[in-house]
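Working from the sequences, and respecting the hints, build out all of it.
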Amino acid sequence: MLFGFPLLSLIIWLPIFFGLAVLATGGDRNAQAARLIAISGSVLGFLVAIPLYLQFDPSASTMQFAEKHVWVERFNIFYHLGVDGISMPLILLNCFTTPLVVMAGWEVIRERVSQYMGAFLIMSGIVNGVFASLDAILFYAFWEASLIPMFLIIGIWGGPNRVYAAIKFFLYTLLGSLLMLVAFIYLYYVSDGSFSILDFHKLPLPIEPQILIFIAFLLAFAVKVPMWPVHTWLPDAHVEAPTGGSVVLAAILLKMGGYGFLRFSLPIVPDASQQLAGLMIVLSLIAVVYIGLVAIMQADMKKLIAYSSVAHMGFVTLGFFLFNAYGIEGAMVQMISHGFISGAMFLCVGVLYDRLHSRQIADYGGVVNSMPVFAAFFMLFAMANAGLPGTSGFVGEFMVIMGAVKVNFWYAFFAATTLIFGAVYTLWMYKRVIFGAVASPAVEGLQDISKREFAVLAILALAVLWMGVYPFPITEVMHATVDELLAHVANSKL
Amino acid sequence: MQTLYLLVPLAPLIGAITAGLFGRFIGRTWSHRITISLVFVSLIASIVIFFDVLDGNTFNGSVYTWLVTGDTRFEIGFLIDQLSATMMVVVSLVSLMVHIYTIGYMHDDPGYQRFFSYISLFTFSMMMLVMSNNFLQLFFGWEAVGLVSYLLIGFWYTRPTAIYANLKAFLVNRVGDFGFLLGIALILMYFGTLDYAAVFSSVPQMANESVELVTGSSWLVITVICILLFIGAMGKSAQFPLHVWLPDSMEGPTPISALIHAATMVTAGIFMVARMSPLFEHSETALTLILIIGGITTLFMALVAVVQNDIKRVVAYSTLSQLGYMTVALGASAYSAAIFHLMTHAFFKAVLFLGAGSVIIAMHHEQNMQKMGGLKKYMPITYWTMFIAALASAGVPGFSGFFSKDAIIEAVGFANIPGVEFAYFCVLATVFVTALYTFRLVFVTFHGKPRMDTHTREHLHESPWVVTLPLVVLAIPTIAAGWFIGPMVFGDYFSNAIYVSSQHDAIEQLGATFTGIGGMMMHALSTIPFWLSLAGIFTAWFLYILRPDIPGKIKKWMLPIHTLLDRKYYIDEFYSWFFAGGTRALSKGLWKFGDIKVIDGFFVNGTARVVAWTAMLVRRFQTGYIYHYAFTMIVGVFILITLWLYQFK
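Protein chains in written order, with the working numbering: chain W, 25 to 518; chain P, 194 to 842.
Where hints are given, some of them may not hold.
Here are the simulated EDC-like cross-link-like pairs (lysine to aspartate or glutamate), alpha carbons at most 16 Å apart as the crow flies [claimed, not checked]: (1) P:Lys564 with P:Asp698; (2) P:Lys564 with P:Asp503; (3) W:Lys430 with P:Asp788; (4) P:Lys785 with W:Asp324; (5) W:Lys327 with P:Asp264; (6) W:Lys226 with W:Asp295; (7) W:Lys327 with P:Asp793; (8) P:Lys570 with P:Asp503; (9) W:Lys517 with W:Asp223; (10) W:Lys226 with W:Asp216; (11) P:Lys748 with P:Asp759; (12) P:Lys781 with W:Asp324; (13) P:Lys569 with P:Asp685; (14) W:Lys430 with P:Asp264; (15) P:Lys749 with P:Asp759; (16) W:Lys226 with W:Glu508; (17) W:Lys517 with W:Asp295; (18) W:Lys517 with W:Asp324.
Simulated DEER-style distance windows between Cβ atoms [what the hints assert, rightly or not]: (19) W:Ile209 with P:Val256: 51 to 57 Å; (20) P:Phe796 with W:Ile209: 26 to 32 Å; (21) W:Ile191 with P:Phe218: 47 to 53 Å; (22) P:Arg644 with W:Ala482: 51 to 57 Å; (23) P:Asn250 with W:Ala479: 53 to 59 Å; (24) W:Glu131 with P:Leu214: 22 to 28 Å; (25) W:Ala400 with P:Arg812: 58 to 64 Å; (26) W:Ala400 with P:Gln702: 51 to 57 Å; (27) P:Trp806 with W:Arg53: 45 to 51 Å; (28) W:Arg53 with P:Thr354: 41 to 47 Å; (29) W:Ala400 with P:Lys785: 31 to 37 Å; (30) W:Tyr77 with P:Asn250: 40 to 46 Å; (31) P:Ser411 with W:Ile310: 51 to 57 Å; (32) W:Glu131 with P:Pro303: 27 to 33 Å.
Where chain P lies over chain W, by a calculated footprint (3+ residues, C-beta under 8 Å) [as the list claims (entries may be wrong)]: (33) 86-98; (34) 205-215; (35) 274-280; (36) 309-320; (37) 343-352; (38) 387-399.
If you are wondering where the hints come from, they were derived from the structure by calculation, not from laboratory data.
Heads up, the beta-carbon is just placed ideally off N, CA and C, and yes, glycines get one too.
Set out below in C-alpha cells:
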C-alpha cells in the first residue's frame, strides 16, 4: 500500500479538476478541446483507480486507504475517507463507466459540449466521494451534490418533456434525503457529538429510535434504488435524459441507494432492519414481479429498460434483507453487473436513437438487415439482461435466489419469476426491433455502428462476459467485509 | 487425458469464435473447413476418452473455481464416466455429420459462416452440459443450448413464423428452467453443495427429510426437488404440457432440426434425469409423475403425427412421441434403457430429418408431402437410408430402434411404480401409431404417383455427396447400434453412473430373461409389440399404396377427430389466449392503473396538487390590499374583546 498517499482524494478530485478544466474551454468553438480533455481526464480517473483494486487487502474487513482531516472543528466534522469491500467495487464501476459515457457522447452532443462533458466528470468525482466518505456530513454533501449535474444533464440535453422529468427527479430524491439528514443530526446528539459513520455503527440504540431512523434512511435510499412504490420518477427521467445521462443514472446513481442500505441501514440500526426485513423483502418481490410485468407492455424502449432496471434492482434490496452471505454478495454482484448491462442497453438504444430519433419499438423492425454487428452486440446484452448463464446478469440473480431459498422457498419462487418475465420483456422487444422484415426505408438505410460505438460496446461486452464466466475475483474482495457486516448485524444493539 | 477432456468442448468453441467473429474475413470455405476439423478433433478425442472409460478410467475433478460465497465453492468441472462418454460420442458424431451436411444444405445461404458458428457453439454448450460434474455447470450448458436453439430457430430472421417460433421456444424453455433453478436452489439448501458426487452420497441421509411448502401439507424434500428438476426436463425435452415449442422449432433450417431438435439437445432432459437417478430413485411420487407425463406425450403426440402433411412436422411429432418413450423408461426406473433409446433414436431420427432435408432441397423447399410422391427412383440413397431409419423407428426386429423400444416396453411391463398401467397402455398403443405414421411418411413421399408440378419434376435429382454421405454414415448405427443392448442395458456398463434401487428392479428382471440379441428377436415374434408394429406398417401400405382413396374418406367420416388432431388439441390456441393474452392484459392493467393512475396520478402528482392547493389557500391571505388587512384586524379585535368581556360574565 502506498502509505500515506491520498489515493482516494486523488480519485475524487482528479475528475472534478478535469471537469472544471473542461468547463474552462468555454463555448463550442473549442468543442474538440473539451472532448479531448474530458476523455483524458476520465481515462486518467480510471487509471488512478486501478491501484485501489491491486493494493486492496481482501482479507481485511477494516477501512483501507483511510484519510482523516479536520473539516469543521466546531461540530466534529471530518474530511474522513476510506473504502472496504463494499465501496471499492462501486468506485471502480464508476471510474470504469465515465470514459465510456464520454466516448458515447463524443460527436452526438454538439451543443454546449464543454458543459456536458464537464458535468459528467464532476459527477464522477462526486459519486466517488459518496462511496468513499466515512463522515456523515461529508457523505451528505456529496450525496446532494450529485443531484445537481444530473439535474442539469436531464434539464438541458434532455428530450421534449425534460423539465417535468428533471424537476420530478430532483424533488423526489431531495425530499427523500432530507429525513436522512435529520437522522444524522439525531445520531450526532446521541453519540455525544460525532458524525463519524463508524461511530454510528457502534452506537447502542433502543428499538423505537432504530425504527424511526430506519424509516428515515429508507425514504432516502428507496427513492434512489428505486424501490416499489417510489419508482415512478425513474422511467420519466430515463425517457427524457440523453443517452449518457441514462447510462450514468442506471449504472451509477441507483447504486448509491443500494450502497446506503449496506453502509447505513443495516449496520446502524440492525434490530430495526431485522424487524422490518419482511416488509423490505415483500417490497423487493413486488418490484421483481409487478415491475417485470409492467415492463412487458412498454412501447418506448427506454421506458422498458428503465422498468427492467427497477426489477433488477429489486434483487439488490431482496439480497440485502436475506441476511446471509449469498444474498448480500449476490446483491453486490447484481449492482455491478446491472451497471454494465443497463449501461450497455441504454447505449444500444442510444445508437438507434442517434440514427432515427425515435425510441418507439413500433418504429423499428428488421434492424439486423442493415446493422448486423450492432444486432450481435444488442443480442448479447439482451441475453445478459434476461439473466443468461455465462453473462454477468446471471451471477447476481443466481446468488440471490440461492440465498432466498434458505430463508423461505416462496421468496425464491417469486424472485425466480424473473427468469420468465425478464426473458419476455427483453426478447420480445429485441424481436420487434431487430428481427423481422425491414420496417421502413429509414431502417433500411441505417448505418451499422462506427468504430467509436464498436469500441464502447465491445468493452462492455467483454466486461459482461468476463464477469459471467469468472466472477471469482469480484466476489473475492467482498468476503471479509460482508462476513464482518453479517456478524455485526447479528449482534443486537438494544 | 485431462487435456483431452478440455479439448472436447474447447475445440468446437474455438471453431465457433473463429467462424463467428472472423467469418467475414476468412470466407465460406475456410469457415467450414475450420469448424469441421475442430468438431472432428472433438469426435476423435471423445472416442479416445470413450475407450479409456471402457478400461475403467473415470474422472471427476474441477477445472476452475467459478465463485466462492458463504461456505460454498462453485466450481466448473468434468465428470467423465460411461454415461457422459456415451453422450460425448453420440453428440460429436451427429454434430460432425450435421456440419458436413450443412455444406450442401446451406450452400446458397448468405448466413453460411454464422450458421457454422452457431452449430459449433451448440456442440460446445452440449459438451459442457453432458460433461459437467455439478448442477451449476449443468444449468449453464442447459441454458446455453437453449440460447443456440433460439438463435438457430430464428436463423432466417426475416420470416415472421421463424422469429415467433424462436421466441416461443425460449420462453417455454424458460418456464421449465424456472422449475429447474428452484430445484437446484433446494439442492444447495439441503445438501450444501452442488457437486454431483457429494449430493448423491448424502441422499440416503436426506431420504426421509420433509418440508412444508404450504402450511399443513408435508412433502418429502427429495420429491419436491425431483419434481422441480423434472419440470426443467419437461421444458427441454418437450414433454406435455411444455411440448408446444418443438413442432414450431421446425422453422429453423433442417440440419439443426436434426442436430438440436431431435438427436441431442432435446434429449438433455432425459440425460439429466438419468444422471440424477440417485435422487429420483428415492421418490416414487416423482417417478409416477414422470410415467404419466411420458405416457401422455408418447401416445397423444404420435396421434398428431398421423394427420400432419408437412414432412418435417411429421418427424417433429415423432420426436415428441419418442421422447415420451424415453421419459416413460425413466419413470419405470429403466434409466439404461432410456439412455439406450436416446442413443438409437439420435441415429435413426437424425437420418429421418437429414433425409427429409434432402427431399426438401430436391423439392425446392416444398415441405408438403401431398405434393411429393414417387421420389424413390430419383433419390435412391435418400430413399433407402430413410427406409432403414423408418424400419428402426417402427421397431422392426434387427434394427436399432427395435431393441431399445422393446426393452422399454418390457421394462414398463415389469415395473411396479404407481401409474405404470397407464404408461404401459400408452407405450403399447403407440407402437402401432408409430409404424403407421412413419411408413405413411415413406409411402406418401417416395411411392405412388408423383404429384409435384412438371418444373420441379424435371429438376429432381439425388442430393450431392456432402448430403448423402452423412445419411449413409448415420444409417450404419441406425441398423447396428441396437446390437449392443446386452452390455449397455442389461450388463454393468452404466453401473457406476446410474443408480437403481433394489425395489425398482424392472431392468434386472428383464435382464434375467435376456439371452442375447438373437434370442430377443425370436422372443419378440411372440409378443404384442411386434404384431402391432407389423399391423401399423401394413395399414400404412394398405391406405397409402394399395387404396390411396380411403384416407380421404376416413378423414371425412371422422372429421371432428381429424380436426382435433390437426389443430393439435387446441393447446396452442389456449396458451396464446390464456398465458400470452393474460400476461399482456395483466401487464397493461398494472401499468395503466397501478403505476399511472394510483402511484403517479394519486400519490405523486396528488401530493404536488395538495401542496399547490394549500399554497393557493394561503395566498388568499396575502392580497396586498390594506383594507383587507384592516378589516381582518377589526374582526380579530372584535373577537378578542368579545372573549375578554365574556370572561367577566
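We went through each hint and held it up to the structure:
1. P:Lys564 with P:Asp698: 49 Å, violated
2. P:Lys564 with P:Asp503: Roughly 10 Å separates the two Cα atoms, so the pair holds.
3. W:Lys430 with P:Asp788: 32 Å, violated
4. P:Lys785 with W:Asp324: The given pair, whose Cα atoms are some 14 Å apart, holds under the 16 Å limit.
5. W:Lys327 with P:Asp264: 39 Å, violated
6. W:Lys226 with W:Asp295: 13 Å, holds
7. W:Lys327 with P:Asp793: Measuring from Cα to Cα gives roughly 15 Å; hence the hint holds.
8. P:Lys570 with P:Asp503: Between P:Lys570 and P:Asp503 the Cα gap is close to 21 Å, so the pair fails against 16 Å, i.e. violated.
9. W:Lys517 with W:Asp223: 13 Å, holds
10. W:Lys226 with W:Asp216: Given that 16 Å is the threshold and the Cα spacing comes to 13 Å, the pair holds.
11. P:Lys748 with P:Asp759: OK: P:Lys748 and P:Asp759 at ~11 Å, within 16 Å.
12. P:Lys781 with W:Asp324: Holds, at roughly 14 Å.
13. P:Lys569 with P:Asp685: 43 Å, violated
14. W:Lys430 with P:Asp264: The hint holds at about 13 Å.
15. P:Lys749 with P:Asp759: 13 Å, holds
16. W:Lys226 with W:Glu508: 13 Å, holds
17. W:Lys517 with W:Asp295: 7 Å, holds
18. W:Lys517 with W:Asp324: Not OK: W:Lys517 and W:Asp324 at ~47 Å, beyond 16 Å, violated.
19. W:Ile209 with P:Val256: 51 to 57 Å: 54 Å, holds
20. P:Phe796 with W:Ile209: 26 to 32 Å: For W:Ile209 against P:Phe796, whose Cβ atoms are near 28 Å apart, the range 26 to 32 Å holds.
21. W:Ile191 with P:Phe218: 47 to 53 Å: 52 Å, holds
22. P:Arg644 with W:Ala482: 51 to 57 Å: Holds, at about 53 Å.
23. P:Asn250 with W:Ala479: 53 to 59 Å: 48 Å, violated
24. W:Glu131 with P:Leu214: 22 to 28 Å: 26 Å, holds
25. W:Ala400 with P:Arg812: 58 to 64 Å: Given a distance of about 59 Å, which is inside 58 to 64 Å, the answer is holds.
26. W:Ala400 with P:Gln702: 51 to 57 Å: The hint (51 to 57 Å, Cβ to Cβ) holds, given that W:Ala400 and P:Gln702 are roughly 55 Å apart.
27. P:Trp806 with W:Arg53: 45 to 51 Å: 49 Å, holds
28. W:Arg53 with P:Thr354: 41 to 47 Å: 55 Å, violated
29. W:Ala400 with P:Lys785: 31 to 37 Å: This hint holds: roughly 35 Å between Cβ atoms.
30. W:Tyr77 with P:Asn250: 40 to 46 Å: Roughly 42 Å apart at Cβ, these two residues keep to the hinted range, so it holds.
31. P:Ser411 with W:Ile310: 51 to 57 Å: Violated, since P:Ser411 and W:Ile310 (Cβ atoms, about 29 Å apart) do not stay within the stated range.
32. W:Glu131 with P:Pro303: 27 to 33 Å: With Cβ atoms ~32 Å apart, the hint holds.
33. 86-98: Three-residue rule not met by the region 86-98 of chain W, so violated; n is 0.
34. 205-215: That given contact is violated, which follows from only 0 residues of the region 205-215 of chain W lying within Cβ reach (below 8 Å) of chain P.
35. 274-280: violated (count 0)
36. 309-320: holds (count 5)
37. 343-352: holds (count 3)
38. 387-399: holds (count 3)
In the structure shown, a violation is registered for the earlier hints numbered 1, 3, 5, 8, 13, 18, 23, 28, 31, 33, 34 and 35, in ascending order.
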